[in-house]
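Enquirer: Sequence:
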Amino acid sequence: ITDISNASRYMLMNVAEGKWDAAICKELGIPMECLPTIKSNAEVYGTVKGFGKLDGIRIAGSLGDQHAALLGQGCIETGSSKNTYGTGCFMLLNTGEKAVPSASGLLTTIGFKLGENAPTTYALEGSVACAGRTVQWLRDNLKIIKEAPEVEQHALSVQDTGGVTLVPAFSGLFAPYWREDARAVAVGMTLYTRKEHLCRAALEAVAFSTVDVMEAMKRDTGKSLGNMHVDGGMTANNFLMQLQANLLGVDVLRARMPEATVLGAAFAAGLAVGFYKDIKDIKAILEKAGGWESFPSKMVVEDRSKEYIRWKDAVQRSLDLQKFEAQAQKQLDQAAAAKRAQATPVAQETKVQNEPAPEPVLDEQPVNTGCRFW
67 ITDISNASRY MLMNVAEGKW DAAICKELGI PMECLPTIKS NAEVYGTVKG
117 FGKLDGIRIA GSLGDQHAAL LGQGCIETGS SKNTYGTGCF MLLNTGEKAV
167 PSASGLLTTI GFKLGENAPT TYALEGSVAC AGRTVQWLRD NLKIIKEAPE
217 VEQHALSVQD TGGVTLVPAF SGLFAPYWRE DARAVAVGMT LYTRKEHLCR
267 AALEAVAFST VDVMEAMKRD TGKSLGNMHV DGGMTANNFL MQLQANLLGV
317 DVLRARMPEA TVLGAAFAAG LAVGFYKDIK DIKAILEKAG GWESFPSKMV
367 VEDRSKEYIR WKDAVQRSLD LQKFEAQAQK QLDQAAAAKR AQATPVAQET
417 KVQNEPAPEP VLDEQPVNTG CRFW
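Under our numbering, the residues of the sequence shown are numbered 67 to 440, in order.
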């Protein structure tokens, strides 16, 4: 068996019906009988067997990680959203009992289905490739910080980025652009630029990427979205959370109970066995765990718009840069072939024919590291 949220990731399920799609399976040559039975996220699937004292305990509650976080954050109302900040960012918006097709580069997916006969809650999802991974790049590749938390200290030590905008498209851009030809760029550097500016620009990039996803959600739903719930390792960064609220123009709510994914899965299991009676009980659980810490938006609309224009300009500069990698690799291959050819000289009928040939001197081209500075 599998649950409906994980089944939606197979790309074989009809999301509207919650069933395997016969046409897709036929096209891909996948026998439907080999696929697992799709269950809801909150029902008893079986019992533990063969583990001594644990035998007989009911196995109930199964969700994909992001779906579990949506529930664990208490995002049970239509229009509520959560964003998880890990190596990447994963933002989900509850769209209620209606699956909203995306025309803006988002994924229409399952939110959760809490019971065999319960209605399905749908969601829109946007994924960002580089969030915490950008900070790792500062630490491991550029070595301008030794530990990840230092990035906040450096960002706070300067008033702004000094005109620098970083687009961390190291592996292309994910939602809502889906441009695999994009590469990372740092725009606007001068001789004044210091590591502190780069650290602040890196955190700005994470926040701006979330704004991109939020704007796509607004276009798809035609609605202004409410407060955003957040979880994940990067939410410990207070500067980033306040910056995120400023650039989104909504309050950012950080739950004091940090394990949203675990809570969501446990709550679904509790509903299945009757430990919890109603989906609204999740709100009371979160309140008892300390509620939320709120970061209110403090930036005026004009400033927010000006900053977003700067980001969009930098994003455009990151596009179509993959072609330069191919050109650089071609030059390296040609240089290597020439070096191999010259390293094997043809024997000459002279008195010095056995002397080793001199090593050729070639101007090798630099390897493109995936980041372009402007």
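Among the clues, some could well be false.
The calculated lysine to aspartate or glutamate pairs, modelled on EDC-like cross-linking and capped at a C-alpha distance of 20 Å, are [as the list claims (entries may be wrong)]:
#1 Lys349 <-> Glu325
#2 Lys105 <-> Glu163
#3 Lys289 <-> Asp317
#4 Lys378 <-> Asp226
#5 Lys346 <-> Glu325
#6 Lys261 <-> Asp206
#7 Lys349 <-> Asp317
#8 Lys372 <-> Asp226
#9 Lys105 <-> Glu83
#10 Lys85 <-> Glu99
#11 Lys389 <-> Glu373
#12 Lys372 <-> Asp399
#13 Lys372 <-> Asp247
#14 Lys284 <-> Asp317
#15 Lys343 <-> Glu182
Distance windows between CB atoms, simulated [to be verified]:
#16 Lys284 <-> Ala403: 31 to 39 Å
#17 Leu208 <-> Gly162: 41 to 49 Å
#18 Thr113 <-> Ala214: 36 to 44 Å
#19 Val224 <-> Asp344: 30 to 38 Å
#20 Gly315 <-> Gly181: 45 to 53 Å
#21 Ile123 <-> Lys389: 55 to 63 Å
#22 Asp347 <-> Ile123: 19 to 27 Å
#23 Pro362 <-> Thr144: 17 to 25 Å
#24 Pro167 <-> Thr103: 24 to 32 Å
It is worth saying that the hints were derived from the structure and are not from the lab.
Ideal placement from N, C-alpha and C gives every residue a C-beta, glycine not left out.
Enquirer: Determine for every hint whether it applies to the structure shown.
Expert: Comparing the hints with the structure gives:
1. At roughly 15 Å between alpha-carbon atoms, Lys349 and Glu325 fall within 20 Å of each other, so this suggested pair holds.
2. A distance of roughly 17 Å separates the Cα atoms of Lys105 and Glu163; the hinted pair therefore holds under the 20 Å criterion.
3. Distance hint between Lys289 and Asp317 is fulfilled; the C-alpha atoms sit about 16 Å from each other, no more than 20 Å.
4. Restraint check for Lys378 and Asp226: satisfied, since their Cα atoms lie roughly 18 Å apart, inside the 20 Å limit.
5. The straight-line distance between the Cα atoms of Lys346 and Glu325 is roughly 18 Å, inside the 20 Å bound, and the hint therefore holds.
6. Between Lys261 and Asp206 the alpha-carbon distance is near 14 Å, which keeps this suggested pair within the 20 Å criterion.
7. At roughly 18 Å between alpha-carbon atoms, Lys349 and Asp317 fall within 20 Å of each other, so this suggested pair holds.
8. This hinted pair checks out: Lys372 and Asp226 have alpha carbons roughly 14 Å apart, not beyond 20 Å.
9. Of the pairs offered as hints, the one joining Lys105 and Glu83 holds, with about 13 Å between alpha carbons and a cut-off of 20 Å not exceeded.
10. Under the criterion of a C-alpha separation no larger than 20 Å, the hint pairing Lys85 with Glu99 is consistent with the structure, at around 13 Å.
11. The suggested pairing of Lys389 with Glu373 is violated, with an alpha-carbon distance near 29 Å, which exceeds 20 Å.
12. Between Lys372 and Asp399 the CA atoms are separated by roughly 44 Å; this puts the pair beyond 20 Å, and the hint is violated.
13. Under the criterion of a C-alpha separation no larger than 20 Å, the hint pairing Lys372 with Asp247 is inconsistent with the structure, at around 27 Å.
14. With a CA separation close to 16 Å, the supplied pair Lys284 and Asp317 stays within the 20 Å bound.
15. The straight-line distance between the Cα atoms of Lys343 and Glu182 is roughly 15 Å, inside the 20 Å bound, and the hint therefore holds.
16. About 53 Å separates the C-beta atoms of Lys284 and Ala403, a value inconsistent with the hinted range of 31 to 39 Å.
17. Leu208 and Gly162 have their C-beta atoms about 44 Å apart, which keeps the hinted 41 to 49 Å range intact.
18. The beta-carbon spacing between Thr113 and Ala214, approximately 42 Å, falls within the hinted interval of 36 to 44 Å.
19. For Val224 and Asp344, the hinted distance range of 30 to 38 Å is not satisfied, since their beta carbons lie about 49 Å from each other.
20. The hint said 45 to 53 Å for the Cβ distance between Gly315 and Gly181, and at roughly 36 Å that hint is violated.
21. Against the hinted window of 55 to 63 Å, the Cβ-Cβ separation of Ile123 and Lys389 comes to about 57 Å, which satisfies the hint.
22. Distance hint check for Asp347 and Ile123: the Cβ-Cβ separation is about 21 Å, which falls inside the suggested range of 19 to 27 Å.
23. Remark: the range hint 17 to 25 Å for Pro362 to Thr144 is upheld by a beta-carbon distance near 23 Å.
24. Under the hint 24 to 32 Å, the C-beta atoms of Pro167 and Thr103, about 27 Å apart, fit the expected range.
In terms of the numbered hints stated before, the structure departs from hints 11, 12, 13, 16, 19 and 20, listed from lowest to highest.
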